[in-house]
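J.: Taking the numbering used here, the leading residue of the sequence shown gets 1003, the next gets one more, and so forth.
Derived by calculation from the structure, the hints in this document are not laboratory data.
Computed from a prediction, not measured in an experiment: that's the story for all the values here.
Note that beta-carbon positions come from the ideal geometry of N, C-alpha and C, so glycine has one too.
Mixed in with the good hints, there may be bad ones.
Quick list of simulated restraints, FRET-style, between CB atoms [stated by the list, open to error]: (1) P1229 to L1104: 29 to 35 Å; (2) A1034 to G1080: 27 to 33 Å; (3) G1058 to I1223: 28 to 34 Å; (4) G1261 to S1131: 49 to 55 Å; (5) E1203 to D1264: 18 to 24 Å; (6) L1108 to R1221: 28 to 34 Å.
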Amino acid sequence: MTATGFGKVAVLLGGKSAERAVSLKSGALVLAALRERGIDAHPFDPAERGLDALIGERFSRAFIVLHGRFGEDGTVQGALEFLGLPYTGSGVLASALAMDKLRTKLLWQASGLPTPAWEVLRAGSDFASVAARLGLPLMVKPVNEGSSLGMTKARAAAQLDEAYALAVNYDRAVIAERFVEGIELTCGILGGEALPLIRLETPREFYDYEAKYSADDTRYILPSGLPQARERDLQTLCLQAFHALGCRGWGRVDLMLDGDGDPQLLEVNTAPGMTDHSLVPMAARAVGLAYPDLCQRILELATTDADGTRHVG
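Using the sequences and the hints given, assemble the complete structure.
T.: So, in structure tokens, the structure goes:
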């Protein structure tokens, strides 16, 4: 598609979530990249004005660079469906499911896909019993939050109370998940194809918010160092995990290889970061796709659920 064929494009950035700062940074880079390609792109912050302004200002489609709540959870996607504007990334239901770590794991489990054992935590949970059943260490996570916000690695049952208290500040629903010791990997998805795997190494307890966006001590290993056949198998698994939730367009699947080399799926990101530290642009570069080209390709994939293109199976 030519630059003029996209019409007037809204780059949705900022928003109201705890990931606003990252979204603003991602959005500014996406905006500059689209303009470099001659596309009539404009910033649009839903925290500052209502989405109905998109119609009044005659926008033709939306590039979603919102992260977290109200951006990746189906909320904005539903509003854009109502307005009839094509948008990047997954649809309403898939976005909501992928944002919800508990429902993601339940769907993967029902689909026979591997994911670490977990339990739902509540204020009255017997944390010692949870630790005994799942084993230690545990990752305590808010169910509906991104960028590792509110997460804690608990090495002892006595730490679960404090970890729960932190997580519940971000979401009322909290899970404890068995921590997987091993190799951390991520797989970008673009247009139904898996990008090269990236291996992540951090000296921190886990790949947290600082490691993702600001730290200089995270190692990104690309190529991953895995045998080609093994990488292809894992890419196939990531595509299965992506499609099990009904996702489309682009995104990222995070996973671990445990001590036996077996994969364990962690989560799907339907609007991944697009900063200079971000992983999908890094993987795209490895296959010769420069940042502006990546942004244009994502925009070309913009659609709506109403178009009948939602992935099933």
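J.: Could you check the hint for me, namely that L1108 and R1221 are 28 to 34 Å apart, CB to CB?
T.: Holds, at about 33 Å.
J.: Could one say that the CB atoms of G1261 and S1131 fall in the range 49 to 55 Å?
T.: Since G1261 and S1131 have Cβ atoms about 25 Å apart, the given range 49 to 55 Å is violated.
J.: Honestly, do A1034 and G1080 meet the 27 to 33 Å range at C-beta?
T.: 28 Å, holds
J.: Take a look at whether the Cβ-Cβ distance between E1203 and D1264 falls inside 18 to 24 Å.
T.: Given range 18 to 24 Å: holds, Cβ gap about 19 Å.
J.: How does the Cβ-Cβ distance of P1229 and L1104 compare with 29 to 35 Å: does it lie in that range?
T.: 34 Å, holds
J.: How does the Cβ-Cβ distance of G1058 and I1223 compare with 28 to 34 Å: does it lie in that range?
T.: 47 Å, violated
Of the numbered hints given earlier, the model fails hints 3, 4; all others are met.
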